[in-house]
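J.: Listed here are the chains, written in short residue letters.
2 protein chains.
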Amino acid sequence: MTELEKMGAAAKAAERELACASGIIKDRALSAISSALIENSGVIIDANRLDFENAAAQGYTAALLDRLRLDEGRIKGMADSITEIIAANDPVGRVISGSVRPNGLKIEKVTVPLGVIAVIFEARPNVTADAASLCLKAGNAVILRGGKEAINSNRAITEIMRNAIKNEGLPADCIQLVGNTSRESANELMKLNEYVDVLIPRGGAGLIRAAVENSTVPVIKPGTGNCHVYVDRSADIDMAAKIVFNAKTSRPSVCNACESLLLHRDIAEMALIAIKARLDEKNVEIRGDEIACTLVEDCVPACEEDWGREYLDYTISIKVVNNINEAVEHIAKYGSGHSECIVTSDYQAAQLFMQSVDAAAVYVNASTRFTDGGEFGYGAEIGISTQKLHARGPLGLESLTSEKYLVFGSGQIR
Amino acid sequence: MTELEKMGAAAKAAERELACASGIIKDRALSAISSALIENSGVIIDANRLDFENAAAQGYTAALLDRLRLDEGRIKGMADSITEIIAANDPVGRVISGSVRPNGLKIEKVTVPLGVIAVIFEARPNVTADAASLCLKAGNAVILRGGKEAINSNRAITEIMRNAIKNEGLPADCIQLVGNTSRESANELMKLNEYVDVLIPRGGAGLIRAAVENSTVPVIKPGTGNCHVYVDRSADIDMAAKIVFNAKTSRPSVCNACESLLLHRDIAEMALIAIKARLDEKNVEIRGDEIACTLVEDCVPACEEDWGREYLDYTISIKVVNNINEAVEHIAKYGSGHSECIVTSDYQAAQLFMQSVDAAAVYVNASTRFTDGGEFGYGAEIGISTQKLHARGPLGLESLTSEKYLVFGSGQIR
Numbered sequence: 049m050t051e052l053e054k055m056g057a058a059a060k061a062a063e064r065e066l067a068c069a070s071g072i073i074k075d076r077a078l079s080a081i082s083s084a085l086i087e088n089s090g091v092i093i094d095a096n097r098l099d100f101e102n103a104a105a106q107g108y109t110a111a112l113l114d115r116l117r118l119d120e121g122r123i124k125g126m127a128d129s130i131t132e133i134i135a136a137n138d139p140v141g142r143v144i145s146g147s148v149r150p151n152g153l154k155i156e157k158v159t160v161p162l163g164v165i166a167v168i169f170e171a172r173p174n175v176t177a178d179a180a181s182l183c184l185k186a187g188n189a190v191i192l193r194g195g196k197e198a199i200n201s202n203r204a205i206t207e208i209m210r211n212a213i214k215n216e217g218l219p220a221d222c223i224q225l226v227g228n229t230s231r232e233s234a235n236e237l238m239k240l241n242e243y244v245d246v247l248i249p250r251g252g253a254g255l256i257r258a259a260v261e262n263s264t265v266p267v268i269k270p271g272t273g274n275c276h277v278y279v280d281r282s283a284d285i286d287m288a289a290k291i292v293f294n295a296k297t298s299r300p301s302v303c304n305a306c307e308s309l310l311l312h313r314d315i316a317e318m319a320l321i322a323i324k325a326r327l328d329e330k331n332v333e334i335r336g337d338e339i340a341c342t343l344v345e346d347c348v349p350a351c352e353e354d355w356g357r358e359y360l361d362y363t364i365s366i367k368v369v370n371n372i373n374e375a376v377e378h379i380a381k382y383g384s385g386h387s388e389c390i391v392t393s394d395y396q397a398a399q400l401f402m403q404s405v406d407a408a409a410v411y412v413n414a415s416t417r418f419t420d421g422g423e424f425g426y427g428a429e430i431g432i433s434t435q436k437l438h439a440r441g442p443l444g445l446e447s448l449t450s451e452k453y454l455v456f457g458s459g460q461i462r
Numbered sequence: 049m050t051e052l053e054k055m056g057a058a059a060k061a062a063e064r065e066l067a068c069a070s071g072i073i074k075d076r077a078l079s080a081i082s083s084a085l086i087e088n089s090g091v092i093i094d095a096n097r098l099d100f101e102n103a104a105a106q107g108y109t110a111a112l113l114d115r116l117r118l119d120e121g122r123i124k125g126m127a128d129s130i131t132e133i134i135a136a137n138d139p140v141g142r143v144i145s146g147s148v149r150p151n152g153l154k155i156e157k158v159t160v161p162l163g164v165i166a167v168i169f170e171a172r173p174n175v176t177a178d179a180a181s182l183c184l185k186a187g188n189a190v191i192l193r194g195g196k197e198a199i200n201s202n203r204a205i206t207e208i209m210r211n212a213i214k215n216e217g218l219p220a221d222c223i224q225l226v227g228n229t230s231r232e233s234a235n236e237l238m239k240l241n242e243y244v245d246v247l248i249p250r251g252g253a254g255l256i257r258a259a260v261e262n263s264t265v266p267v268i269k270p271g272t273g274n275c276h277v278y279v280d281r282s283a284d285i286d287m288a289a290k291i292v293f294n295a296k297t298s299r300p301s302v303c304n305a306c307e308s309l310l311l312h313r314d315i316a317e318m319a320l321i322a323i324k325a326r327l328d329e330k331n332v333e334i335r336g337d338e339i340a341c342t343l344v345e346d347c348v349p350a351c352e353e354d355w356g357r358e359y360l361d362y363t364i365s366i367k368v369v370n371n372i373n374e375a376v377e378h379i380a381k382y383g384s385g386h387s388e389c390i391v392t393s394d395y396q397a398a399q400l401f402m403q404s405v406d407a408a409a410v411y412v413n414a415s416t417r418f419t420d421g422g423e424f425g426y427g428a429e430i431g432i433s434t435q436k437l438h439a440r441g442p443l444g445l446e447s448l449t450s451e452k453y454l455v456f457g458s459g460q461i462r
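As they're listed, the protein sequences go chains A and B.
First residue of the first sequence? That's 49 in the working numbering, and the numbers climb one at a time after it.
First residue of the second sequence? That's 49 in the working numbering, and the numbers climb one at a time after it.
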């Protein structure tokens, strides 16, 4: 048995015990983790300093160093997130549906844990506590495989969590960390079908692509977002400007930020005056099609590539369309299926857009920035899925469960 | 563009039209397919004769020849299955959940089609009409890739279906058949992520394994069944004998048939007398552990391999256990997560078994043979899933849908 196979077998054994643990026991274990992280923040910070110094010595960028760094405040943040997870309802054991069949069989479909979840992530060490806590709440054992930059921090956090849950009577192996941070360990994890039920890659596009291409274990993947706002002929222009400004600039680096603006030609000129005025507040660069460039000063002509790009920055592409169908077609061609918005006052246009646009979330008259577990009322999230299988949209605790049929009989045969 | 990429692009385009089609239009198209199959049964039978003669000339087994053969009766069966699909509720557009958020955003989660589904199947040509109709009802375009043995039959059926739906105003490319039946075409389909949303392998263990190992497209896979019946100390012995007999012998070749019997030691001797009497009616071969072999005449000693086998035949393995926990452990080790049954009169034993056994369906006092779309009240099914992602248990029409969030705002920003 390889090291990872041993971890897989240990996770499976732990998971069977965890799957039968009551909500009270799981919440007590989470509470113990939360407290232990605060109590041992000195140990975590010492380990994190090692990671930080190694990374700094290797000339990592300021942005990456910032993501790597842990201090009292960030550890408090990790502990607080766990408190929120404790407050959430137990996602396990919920009766999804049920019926009594004509032969008297009583059939119930209930939620159960997925089993063993492998989470592959990159530099941010707070994912360690976050992912482990979400998995634990849903009754799953987790095998964590973080990035090499954060290995000392991840080790310290994992040890603290394992001790905490062991003290509460749960198997320590509900939470395990892969010590080997080579690409090989990630690849082996992606093929560990005998022990791992689901793989979640949490990181950049490269990691997610590698998981899709190589994993024989079923994958739940967070998606990228090339989100559009389409301003219809009938739109309230002030509302449109407010929504575009918010969707583009409130946090440009996230996947639910707007990357592209589509304007109905009849209102394009008027709308652009209002929208440009707001975007200028944040010096947003505009890349427009031919018509947009005649209407906007300082407009950079957009090339084909611009329509498909996720800028994640203060840049937006703008295209003028002849009608709503052209907008829908454009989104079908270039969108990533994340979040799409129409600003309109027209009932038929709203209905058509909602029906025709294929995305995890379709908005009428609201910012795309709302696609988020917290905003949707689900609490903590693992990411936002753009895949169509299993879970689409914000991945809450429910997405970490599977289902099982319970059939209550009295001797029925077929 | 390769041939398959062209088919993928055509399917995507067709699917966007189909996704917006009303239930009435889809049901009319299905009805047209059903009628056309009957009207053109001569054409289908002629094409099938070619396949049959080719296969016979190549020395295929009688079993395979039988699966390949179509006659008036079987074509009528195909048409009747479609009538059942028409009778089912439209799985698309169902509101799964909804809420109004504190900021006034109204959020609805609704079912939508998966998109483009590729179905890879083997010798049985009736799967062509069956899979296409299920996909169509759920608003999905389908790319069918059948086995080479049935290519002429599949071509004839597909052409009839395409014409039928075109006459009803739906794009013919909602249903396409891959003409190339080489292994390469299957492999290419498994990697056609740009156009194919979901892959369903319908066939033997080899095909399913190949799909899991090679597919970068997300897979919904029917599973194999190594189903157990555990007869608890408190069991009603007559009921146990009736259930074991039904689960083992009513149709041994299917995945929900019982393959292994576990007996509590306190009732093993008595139970075996009753059970053996029933199994003898069908000359079921018994492979037992040491104790079972002392209790049963003509018992073949079971080897380690027997515990994990799906016999799909009149053979059963029998093991005597010391208590319910040993039964649960045995099932966790050897079961395939399909259907597991306890026969008991003890409340705590029933609860423990249901909670601890991890399978798609867990039964108390009823035959495992009930794990079936029809028996569960779902109508037609694509198979029975033992995977934990997306859908587990009988795969009804609902499992051919994804979901989407509709967000109704009035200018909300974040």
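Hint data in this document are derived by calculation from the structure and do not stem from the laboratory.
Incorrect hints may have been included.
One copy or two, either will do: identical chains are not told apart, so a pair holds if it fits within one copy or between any two.
List time: in silico DSSO-like cross-link candidates among lysine-lysine, alpha-carbon distance up to 30 Å [said to hold, decoys possible]:
1. 154 x 381
2. 290 x 157
3. 54 x 124
4. 290 x 154
5. 54 x 381
6. 196 x 124
7. 324 x 124
8. 214 x 330
9. 324 x 196
10. 381 x 60
11. 290 x 124
12. 239 x 154
13. 330 x 54
14. 154 x 214
15. 324 x 239
16. 290 x 324
17. 239 x 124
18. 330 x 60
19. 54 x 290
J.: Next, verify each hint and record whether it holds.
T.: Now for the hints, and whether the structure bears them out:
With identical chains, the CA atoms of residue 154 and residue 381 are at most 30 Å apart between copies only, with a shortest distance of 28 Å across copies and 47 Å within one. For the identical chains of this complex, residue 290 and residue 157 are inter-copy neighbours only, at 26 Å across copies versus 44 Å inside a copy, given an alpha-carbon limit of 30 Å. Taking the shortest Cα distances, residue 54 and residue 124 never come within 30 Å of each other, neither inside one copy (33 Å) nor across copies (54 Å). Taking the closest pair of Cα atoms, residue 290 and residue 154 come within 30 Å of each other only across two copies (19 Å); inside a single copy the shortest separation is 53 Å, beyond that limit.
In this homomeric assembly, residue 54 and residue 381 come within 30 Å of each other (Cα to Cα) only across copies, at 16 Å, whereas the closest approach inside a single copy is 45 Å. For the homomeric pair residue 196 and residue 124, the shortest alpha-carbon distance inside one copy (23 Å) is at most 30 Å, but the shortest distance between copies (62 Å) is not. In the homo-oligomer, the alpha carbons of residue 324 and residue 124 never lie at most 30 Å apart, since the shortest distance is 40 Å inside one protomer and 64 Å across protomers. For the homomeric pair residue 214 and residue 330, neither the shortest alpha-carbon distance inside one copy (50 Å) nor that between copies (52 Å) is at most 30 Å.
When the C-alpha separation of residue 324 and residue 196 is checked against a cutoff of 30 Å, the pair qualifies neither within a copy, at 43 Å, nor between copies, at 60 Å. In the homo-oligomer, the alpha carbons of residue 381 and residue 60 lie at most 30 Å apart only across protomers (11 Å), although the nearest pairing inside one protomer, at 42 Å, exceeds that limit. Taking the closest pair of Cα atoms, residue 290 and residue 124 never come within 30 Å of each other, the shortest separation being 34 Å inside a single copy and 60 Å across copies. When the C-alpha separation of residue 239 and residue 154 is checked against a cutoff of 30 Å, the pair qualifies neither within a copy, at 38 Å, nor between copies, at 41 Å.
Taking identical chains as interchangeable, the C-alpha atoms of residue 330 and residue 54 are never at most 30 Å apart, the minima being 53 Å within one chain and 44 Å between chains. For a Cα distance limit of 30 Å, the shortest separation of residue 154 from residue 214 qualifies neither inside one copy, at 38 Å, nor across copies, at 43 Å. Taking CA atoms no more than 30 Å apart as the test, residue 324 paired with residue 239 passes in neither setting, with 50 Å inside one copy and 43 Å between copies. In the homo-oligomer, the alpha carbons of residue 290 and residue 324 lie at most 30 Å apart inside one protomer (11 Å), although the nearest pairing across protomers, at 77 Å, exceeds that limit.
Within a single copy, residue 239 and residue 124 get their C-alpha atoms no closer than 36 Å, and across copies no closer than 44 Å, so neither meets the 30 Å cut-off. Proximity of residue 330 to residue 60 under the C-alpha cut-off of 30 Å is found in neither arrangement, the shortest distances being 51 Å within a copy and 39 Å between copies. In this assembly of identical chains, residue 54 and residue 290 lie within 30 Å of each other by CA distance neither inside one copy nor across copies; the values are 54 Å within and 42 Å between.
In summary, the numbered hints that this structure violates are 3, 7, 8, 9, 11, 12, 13, 14, 15, 17, 18, 19.
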